[in-house]
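End of the sequence shown sits at 845 in the numbering used here; the numbers just go up one at a time, nothing left out.
Hints were generated in silico from the structure; no laboratory data involved. Backbone N, C-alpha and C define an ideal beta-carbon position, used for all residues, glycine too. There may be inaccurate statements among the hints.
In the SDA-like style, the derived pairs of lysine to any residue whose C-alpha atoms are separated by at most 25 Å in a straight line are [what the hints assert, rightly or not]:
| hint | residue 1 | residue 2 |
| --- | --- | --- |
| 1 | Lys-680 | Cys-586 |
| 2 | Lys-589 | Glu-629 |
| 3 | Lys-589 | Trp-677 |
Have a look at the derived ranges for each label pair, beta carbon to beta carbon [stated by the list, open to error]:
| hint | residue 1 | residue 2 | range |
| --- | --- | --- | --- |
| 4 | Thr-741 | Ala-632 | 53 to 63 Å |
| 5 | Pro-800 | Leu-647 | 29 to 39 Å |
| 6 | Pro-646 | Ala-611 | 15 to 25 Å |
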Amino acid sequence: MRLALRQVDGAALALRRCAEAWARQDVRIAYPPSHGCWLKVAGADGSWQGWLQPRAWLRHMAPELASLASAAGMDDRLSELIAACEAPLSWPVADMPLGRIVAGERREGSQLPQRPMLRMDTPQGEVWLEKAPAPAEAARDRVPGWLPMPLRFLLGDSMVSPSLLRRAKAGDVLLISRPAQTVSCNGRAIGTYQWTEEGIIMEWQNEMAAAAETRPLADLDRLPVRLEFVLQQSEVTLDELRELCRSNVLPLSADAERRVELRANGALLGRGELVQLDGRLGVEVAQWLGGSGDVE
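When you get a sec, could you build the whole thing from the sequences and use the hints?
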């Protein structure tokens, strides 16, 4: 690709999403302090990692031991004590996992990574996170209800040879070898159906069925959605198309990489800028649409 794309730091983007989700708990992004002594810590499950001040942790957890530890020069034992606790940290947000943590190296504040981190105030002192678990989705209705969901009602299939297709003509009857009245959505089977005089009667698969009295509305949110990233849509005449086949060059609209369309099952959901995120192509959303009138 010859386009000069803006680079996006995946770790920084993930922290920004956490800060937005946890803003009410006074969680924010800032640069870590350049003073004090810090201990590298991480969740036992690997979902988070960051830095805390072991002395501050001890003052909150065992004030009577803090002065003794200082006098006895037991700083090296603090990391062992922290790692030995079953629940050394109490988080202000429910998305952070409780339980044991892994303690690593110690550093002076001046040696901490000088990049924005996620500051979180805990009862055991401030913790600066370089990595945090993705926040749980607070609202399940972010996907608009008007989003088109393509349903495919299959009658069955047959395995045939190319020669049969070449001989087929109007008036022939092609037989269905394997009848199967299945319903799929974007390639995923979601049930079967019965074809009656009144119309089509849906029968959901067992794994999608809820209680006998209710429809599986919650499971519908897990249906696959085909998300397309459209760089440009062009309408040309047949003559222009022939010329394009000869030259192989189609003019690209100005700033097309900054106006990429995001379409879900064909519906326009937003626009954004084409970027590189940790070596992979992605689109940073600049405009997110939310009304059925935006469908094109």
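To see whether the hints hold, each was checked on the structure:
Distance restraint check for Lys-680 and Cys-586: the Cα-Cα separation of roughly 20 Å lies within the 25 Å cut-off, and the hinted pair is therefore satisfied. Taking the CA atoms of Lys-589 and Glu-629, the gap is about 12 Å. The hint holds against a cut of 25 Å. Between Lys-589 and Trp-677, the direct Cα distance comes to roughly 10 Å. Compliance with the 25 Å bound is thereby established for this hinted pair. At roughly 54 Å, the beta-carbon separation of Thr-741 and Ala-632 lies within the given 53 to 63 Å, and the hint holds.
Roughly 57 Å separates the CB atoms of Pro-800 and Leu-647, a value that falls outside the hinted 29 to 39 Å. For the pair Pro-646 and Ala-611, the beta carbons lie near 23 Å from each other, so the given range of 15 to 25 Å is met.
Violated hint: 5 only; the structure is consistent with all others.
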